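Colleague: Turn these sequences into a full structure, and let the hints guide you.
Residue numbers (the numbering used here), protein chains in the order written: chain A, 1 to 282; chain B, 1 to 342.
Hints were generated in silico from the structure; no laboratory data involved.
Since we're looking at a predicted model, the values are computed, not measured.
Glycine included, each C-beta is placed from N, C-alpha and C at the ideal position.
Misleading hints may appear alongside valid ones.
[Said to hold, decoys possible] Here are the computed distance ranges between Cβ atoms for each label pair:
hint, chain 1, residue 1, chain 2, residue 2, range
1, A, A141, B, D220, 43 to 49 Å
2, A, K164, B, G73, 52 to 58 Å
3, A, K275, B, E254, 48 to 54 Å
4, B, E160, A, P278, 41 to 47 Å
5, B, D185, A, T276, 55 to 61 Å
6, A, R14, B, H279, 31 to 37 Å
7, A, P278, B, Q253, 39 to 45 Å
8, B, V71, A, Y76, 24 to 30 Å
9, B, E117, A, T276, 36 to 42 Å
10, B, E117, A, P278, 37 to 43 Å
11, B, V71, A, A141, 47 to 53 Å
12, A, A141, B, E117, 39 to 45 Å
13, A, T276, B, T100, 26 to 32 Å
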Amino acid sequence: MMDESNPYLPYIVRIEETWYETPVGDRAVKTFKVNFVDDKVWDTWKHMPGNCAMVGRLGVGESMFCISSSPTEEGYLRFSIMEAGKVTRALHELEAGEMMTVRGPLGNSFPMEEWEGQNIVSIGGGIGQAPLRPVINFVRANKEKYGDLKVLYGARTSDLHCFKGEFDEYREEGTACHLAIDVEEKDWPHFVGFVPDLLMKVAPTPENTIAVTCGPPILIKFVTQNLEKLGFTPEQIYTTLEERMKCGIGKCGRCNVGSLYVCKDGPVFSYATLKTIPEAFA
Amino acid sequence: MGDYKFAKDKLAEVIGALKDYQVFAPTAVGDVVRFKEVEDASAIKLDYANSNVPPKELMFPETETLFKYRVGGADIESAVTEPNPRLVFGIRPCDALAYTIVDKLYNWDFPDPYYQERRDGSVLFGMACAEPAANCFCTSMGGGPASEKGLDALMFDLGETVYVKTLTDKGDKAAKAMGLDAAGDAEKKAAEAVEKDALAKIKRSLDTEGIPEKLPSLYDHPFWEQFSDRCLSCGICTFLCPTCHCFDIQDEQEGFDGRRARMWDTCMFSEYTVHTSGHNPRPTRKERTRNRISHKYSYFPEKFDVIACVGCGRCINYCPVNIDILDILEKSKQAEAKEAKA
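Modeller: Right, dumping it as structure tokens:
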């Protein structure tokens, strides 16, 4: 946990390694593998898939990102960050050996324990794969506790798939990995089309299955509709929300959807909960 | 606890005796009354309905440093300090009640050390209202002109003398430090008369029954637009609200000295919620007005069991286009949920 006497003070982390998930340029996604400068932080640090952290750079600011590594990947944290605004631009300038700040873990997490014994279908789009990666890796590391794992993932082009190097590992382990791109590319052996359509083609059975989806709002909307067509109940569908955040601990006010603070009550919500909050889809 | 009194013309001596406290009191700054540290007791202003700026700034200042650092370095120096014992002299009962509401937010799960140090280190000497203002409706919000909630002592202005009723050990200790005389039945009776008189002067009211439960059903209701259409998004209703607590966090630097600071922010500004992508979940004043009212009267009570409003009337008094929260809430009660778009 964070410094309990002062939740506004970040930890200093050293960047061990960085690489680009997608081509360098506008909206590039860069992954940062980091470790705490003070090794003792690991004694109390405990995160689960879905948890977030405020990642920042002193002198610029901090923003909320999902922790894109699973707790089963020990000894480091990973953040996969799209360059989009002031803070992410400043973070993208950083390389191995330099320092960043991390404040967390924040928010709730996917109910991994509750899902034990069930099949898991992960349905992602673009950078929305970042919060799904820890779910996938957690299930892979605890295979005996879960049923079948299916990964469905799409992006506009094959270049824009994050975590490309891991897809073959999934397949080697027998995990179905269904990829999609929006428009035809030469020698692309997988699905061409949008993720909601890929979902209908794969058509996972809702029986004893949890579907977890993340991506742009339009993807979440149509994936959710299609999951319902396939017979999934709102209680079987999970997603994550994002809003502008400052404090990350339910005080600064701005990230509420209805009476829920996304930073603290979220970011993980079941579709059953979100259906009761009109602002969740604003 | 004790009953004390002091002669009003001895105010400077009474305040001067509080050597171990940093004393804050309502002070006229130009045309504005706000709480300032007392340097000269003659500047204390006691004949005011309420301070223009609520004393929330004593617990969460407009801007405060969270921590300092050297740019390029990796050392962080927290700015939490234990302040001197503070005595807030002349706070109105509504503003003290507001502290008890905001406490719930700042203590929710992650206690906020900056706020809490100041709260714990403060003794609150309230001043009962003898002349409530035109838009006061504290009696509808669990308060009153002589409400004792959240206070360590309550004072009554009896003309020549001030009657002081201490309510906690902290309050009694401070009263003793002030070197006050004992008060008797005459002062108590006079205080009761002040309260009765003040109660009769409160003209506005609201029956809050059912409002927290109903507001979410009016999410898409057109009635919000009657108010939001003339809103200027100036934010004064929130900046001067004693229970509005929302803040922004920014990094600032001068040379190599950096600080992370937080400052009051308002849900009435579009920048408050806009995403980096440019998408804004509350793009117009309609959504922002709805959020302000719903947060106070529905979301906050759903989480913390208390409406985040004390009926001080400031948002009504200072709105440049006369948007009246009581009017909005009355209309919300009349609005039919079924008129809302599905």
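Colleague: Against the structure shown, which of the earlier numbered hints fail to hold, in ascending order?
Modeller: The structure breaks hints 2, 4 and 11; every other hint is satisfied.
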